[in-house]
Each structure stands twice: as C-alpha cells, then as structure tokens.
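Quick mapping for you: the protein sequence lines, in order, are chains X and E. Per this note's numbering, the first sequence starts with residue 1, numbered consecutively. Per this note's numbering, the second sequence starts with residue 1, numbered consecutively.
These are calculated hints, taken from the structure and not from any lab test. It is possible that some hints are incorrect.
What the hints assert, rightly or not - Simulated DEER-style distance windows between Cβ atoms: (1) 158(X) / 4(E): 52 to 60 Å; (2) 34(E) / 129(X): 23 to 31 Å; (3) 39(X) / 34(E): 30 to 38 Å; (4) 33(E) / 52(X): 40 to 48 Å; (5) 96(X) / 36(E): 16 to 24 Å; (6) 129(X) / 15(E): 21 to 29 Å; (7) 153(X) / 37(E): 24 to 32 Å; (8) 4(E) / 160(X): 55 to 63 Å.
As the structure is a prediction and not an experimental result, all values here were calculated from the model. Positions of the beta carbon are idealized from the N, C-alpha and C atoms, including for glycine.
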Amino acid sequence: MKQIFRRISAIALLGAASLTHAVEPGASAPAFSLPGIANVPDDKAINLADYRGQVVYVDFWASWCGPCRRSFPKMQELREKFGEWGFEVIAINLDENERDAQQFLNSHPVDFPIAWDPKGDVALEYQLKGMPSAYIVDQQGQVRQVVVGFDDYRDATLIEDVVTQLIGL
Amino acid sequence: MRIKTLTLLGVLLVSVSACTQVQPWERNYLARPEMALEPDPMGALLRSHIHHSKEAASSVSSGSGGGCGCN
Chain X
1 MKQIFRRISA
11 IALLGAASLT
21 HAVEPGASAP
31 AFSLPGIANV
41 PDDKAINLAD
51 YRGQVVYVDF
61 WASWCGPCRR
71 SFPKMQELRE
81 KFGEWGFEVI
91 AINLDENERD
101 AQQFLNSHPV
111 DFPIAWDPKG
121 DVALEYQLKG
131 MPSAYIVDQQ
141 GQVRQVVVGF
151 DDYRDATLIE
161 DVVTQLIGL
Chain E
1 MRIKTLTLLG
11 VLLVSVSACT
21 QVQPWERNYL
31 ARPEMALEPD
41 PMGALLRSHI
51 HHSKEAASSV
61 SSGSGGGCGC
71 N
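Based on the provided sequences and hints, a complete structural model is requested.
Listed below in structure tokens is the structure:
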C-alpha cells in the first residue's frame, strides 16, 4: 500500500513538473535539434545552438494555419533584407504529415531552413500560445521578442524594428 | 491510513479525468472552415439582420435599425 502510494505521488509530481512556464522575453531560448525538411544540405538536423552569434527569428507554423500563410512572404523579405547582417529565419513546421508541409512550401517558396516537429515537443517546451508564434532570439541566445499571431502591418513593423535594433543597424 | 486512502482516491480521480487541453499546434482539424460554429459569417450577418428587422426587435447580434431591413 505504502509503495503504491509513493509511486502515485511520484507520477503526480512528475505531471506537475511538466507544466513549465511559457518562454517570455528575457528568458534564454530553449535549445532544440530537429530534422531539417527543406533548405538544409542533405536534410541534416537544425540546431538552434549552431546559430549563436546571429539574430534568429524562430517561427512555429503549420500548413493549415491561415496567418502563417501571410507571414511567409514577410519572413522571406526579412531574410533577404537582413541576411547579410547576421540574421536568419528558422521555421519549425508542426504538421503531423510532412507532405502537407511540402505542399505548402511548393506554393510558398522560401529560402530559409525549415525544421519539422511532428509531435510538437519543441512547441510544448516553448509553450506556444497561438499559431503562428515567433521568437526573436539575439546573438547571446536570449529571447528578445515574442510575436503571437501575424498581422501584416502591426506585427511586421514591430518585427522589423526589433531585428534592426538587434543587429545594430 | 484512512487519510492516505482518501488522498490516493483523490489523486486517482484527478488522473482519470478524460479532459485535455487542445494545444494551439494540434488544431489542424478544428481550424477547418467546416468546423466553425458558423461556416458562413457573411450569410449569418445578413440573416441575423433580416431576422431582427422582421421581428422589429434588436439583440446583441444586430446593429441599429428600425425594422425596414434597409440599414
């Protein structure tokens, strides 16, 4: 009886521990290593740690999400504009089916690396509040801005301002 | 012993709950247009406007208007 009680308490504690806090500005960006499904040489893994020293725009998206569709041209534009200044976009796809992601990418061609997180493990770690969600990570790996949803004017302006400031233009 | 049994029962009751929160990234099927409460928002607005005009009454879902259905 005592042993069962102990075991159940342990499970309950584990459950409580998994309720982590959402990633807010000022926190260090949780590290991840995910398979790359597009725009990476030989589909190798994408590690956030490899981008240390650059300003990284980590975007979570899915093919079924409407605002994600609108955010893609903007992310491509940002990359073209700031790429040479040490800026990169990593877009993490959350579709369960890789084919859905590839179909989306065929109709929305972009140059930045696309990672795949079909089980949502990294999304859970970041505690996304909505789709799409983006985290602007600075050269030291610290989250500086969180953008939930995507608005063509308001969010696009904010993102551009933050990125410009971080790369020191 | 009794307290322990009760606590155990409580923990078990909490853990057998079938409710779970659908995370934002798991809303694939829920995000489909046919899953919306109102699949045709424009049509619904129009229908609600006509309905309240005919009823000569307004509710929170309608705008201003006197019953002619023209404004």
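Okay, the hints, checked on the actual structure:
no.	hint	verdict
1	158(X) / 4(E): 52 to 60 Å	holds (54 Å)
2	34(E) / 129(X): 23 to 31 Å	holds (25 Å)
3	39(X) / 34(E): 30 to 38 Å	holds (33 Å)
4	33(E) / 52(X): 40 to 48 Å	holds (42 Å)
5	96(X) / 36(E): 16 to 24 Å	holds (21 Å)
6	129(X) / 15(E): 21 to 29 Å	holds (26 Å)
7	153(X) / 37(E): 24 to 32 Å	holds (28 Å)
8	4(E) / 160(X): 55 to 63 Å	holds (59 Å)
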